[in-house]
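Peer 1: Please build the complex by placing chain B on the supplied structure of chain A, with the hints as guidance.
Line by line, the protein sequences give chains A and B. For the first sequence, position 79 matches number 79 in my numbering, and the numbering has no gaps at all. Plus 1000 on top of the position in the second sequence (first one is 1) and you've got my numbering.
Simulated from the structure, these hints should not be mistaken for lab results. Glycine included, each C-beta is placed from N, C-alpha and C at the ideal position. You may find that some hints are simply not true.
[To be verified] With a straight-line cut-off of 27 Å between C-alpha atoms, the simulated DSS-like cross-links for lysine-lysine are:
#, chain 1, residue 1, chain 2, residue 2
1, B, K1123, A, K305
2, A, K305, B, K1087
3, A, K305, B, K1179
[Unchecked claim] So the derived list for chain B, only partly shown, Cβ under 7 Å to chain A, looks like this:
#, residue
4, N1053
5, L1058
6, D1059
7, N1077
8, N1079
9, T1082
10, S1086
11, F1091
12, Q1097
13, P1100
14, A1110
15, P1111
16, Y1114
17, L1139
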Amino acid sequence: MKLLGTARLALNRIWATKVRSLLTMLGVVIGVAAIVALTSIVDGASQGINKSLATLGTNQLNITAMAPDALSEQDAYALAELDGVSVMFVQTQNEGTIATEDKRVNARLVGVSSQYFEAVKPDIALGSYLSDSKFASSAKDVVFGADAANDLGLTASMLGQSVKLNGQDFRLVGVLDDQAGFGTSGRVYVTLDAARKLFSQYPYVSSIVVQAETPEAVDALQLATDKLLRERYGLGADTDARYTITNQASLIAAVSSITDTLGLLLTGIAGISLVVGGIGIMNIMLVSVRERTREIGVRRAIGAKQSNILTQFLIEAIVLSLAGGVVGLILGEIAAYFLAIIGDWVFSIQLETVLLALGFSLVVGVVFGVWPARTAAKLEPIDALRFE
Amino acid sequence: MANPVVELENVRREYLVGDQVTVALDGVDLVIERGEFVAIVGPSGSGKSTMMNLIGCLDRPSSGLVKIASDPTSELNDNQLTSLRSKAIGFVFQQFQLLPNTTAIENVMAPLLYQGVSSKQAKLTATEILNRLGLGERLNFDRNRLSGGQQQRVAIARALVASPDIVLADEPTGALDSKTGAQVIELLKELNKEGRTIILITHDLEIAASAPRRVFLRDGLIERDERGAK
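For reference, chain A alone in the conformation it holds in the complex (with noise of 0.2 Å):
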């Protein structure tokens, strides 16, 4: 019998028994949802973070104070003067309270230095920055965090209006997107200037940023800032620093590697359903089988081989997983869609989700029906004739 005629009545089987052969599928159908939807979302994580990652600009590094006295603006300067060096900027920051006439709440506030803006570009909902050539001139004026906005219910309308950080006047300005980018949103900005009086921290800043040239110097860049640092506080080669240094490319791929250890841990546990799935095909075809075993009689006796009957069971089980993973797929990319749209990550239908997922329930559908299709084979036509 050609091949298409034995698929023919292993698809009328399994259209005889709608039923059956949807619980049949079931396994699969979980098992290649789950690892659908979870590759998405694990996908539309890392694609969030890595966004956020990617604002701050893969050339950069950060030197982070671990101790409120371990770097200041002189440090900031000598490093600016470091070869390869094209933008330098400063952040200083402390808690302090933002308040409007009705309203009062705590926030963090960051002095910056004139090019933090221009180097860091975030996304802005509202207004305008504190831009580089207006920096001399902006030291009363603000911008918000979206959450810090949020917090103190600014509004567009409040553009320009005055509010208080720490009890002084300043000029509302800006406020940032909630996408502006990693660790933006709580926060509240103001000029370094503007910092020194609201918080006496001078010298001292919170973290010294500076951004090579190209993204290939950054680690030479970050030996020499190292270097530099050492030999301003006078430490050896093996004495811990009282600060970090991070670069933001070995950052953007430890991230990676934990959301891609995550993708494949998530992964696993979902093969592991699809793996059930299988069993309970090879379960099902087993008993069909033996239900069956007068037909396969009949079968052989008015001529079907033995290849014949492994074909026609083979492809039954094969069928019913690779459908089993049909419907999983469009049932996990709905998932997906909705996840994407909580998660705020844009969906996509990745042409690798879609094979994978056919291509695991197609090797399921093989291994899990072979052995039962080889057992219909193997029976005796006579026995299986005189089965009752």
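Peer 2: Frame of chain A, contents of chain B only:
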């Protein structure tokens, strides 16, 4: 005539049940010529089912020679045996044994499809045979919508469709009332008149009497081989 379609030469078939050897056929010789209508008759345990399985290429002898359409079966592997069975033997079973979830015509097409005939050609041939057997109106009925007599006629059509050398009917009237049973026997007689070789396996002497030649089996041996109408 001298055109044997079944030849059994000193055929012995024993089964091992536990550690006990049971002899089902104890050295049997039998020749059936093309175009004969033979009843193989015997009570249960006489060896007639074993003989049917051997003639039907469903089984191989322990010793001795079985030739179907001049082909010896002892040395054939499973595939070759299936191949021989598919072209030489048409089976009619007591319980009709129509395939589940398939229509009358699909049942009749199946043997041709297993031979590799195209489904278009198989459909034509099957339709022709079912029409001849008076089932033209019921081609697409499945077995639940056919009476016992109709089911047995579908089974006979299925047995005939590949133009086998032999139609092997195992108690074909066993599950039918006597009137329908008589019609089935009439049909077999008609087919025999057209030149088909019919082998009827039965325990029923009355049914056996409708065959011109009757081979009586007892305890694995041929007791009597009668010819001529009774």
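Peer 1: A separate judgement is required for each hint: does it hold in the structure or not?
Peer 2: Okay, the hints, checked on the actual structure:
no. : hint               : verdict
1   : K1123(B) / K305(A) : holds (21 Å)
2   : K305(A) / K1087(B) : holds (13 Å)
3   : K305(A) / K1179(B) : violated (37 Å)
4   : N1053              : holds (5 Å)
5   : L1058              : holds (5 Å)
6   : D1059              : holds (5 Å)
7   : N1077              : violated (10 Å)
8   : N1079              : holds (6 Å)
9   : T1082              : holds (5 Å)
10  : S1086              : holds (3 Å)
11  : F1091              : holds (5 Å)
12  : Q1097              : holds (5 Å)
13  : P1100              : holds (6 Å)
14  : A1110              : holds (6 Å)
15  : P1111              : holds (5 Å)
16  : Y1114              : holds (4 Å)
17  : L1139              : violated (16 Å)
Checked against the numbered hints above, the structure breaks hints 3, 7 and 17 and satisfies the rest.
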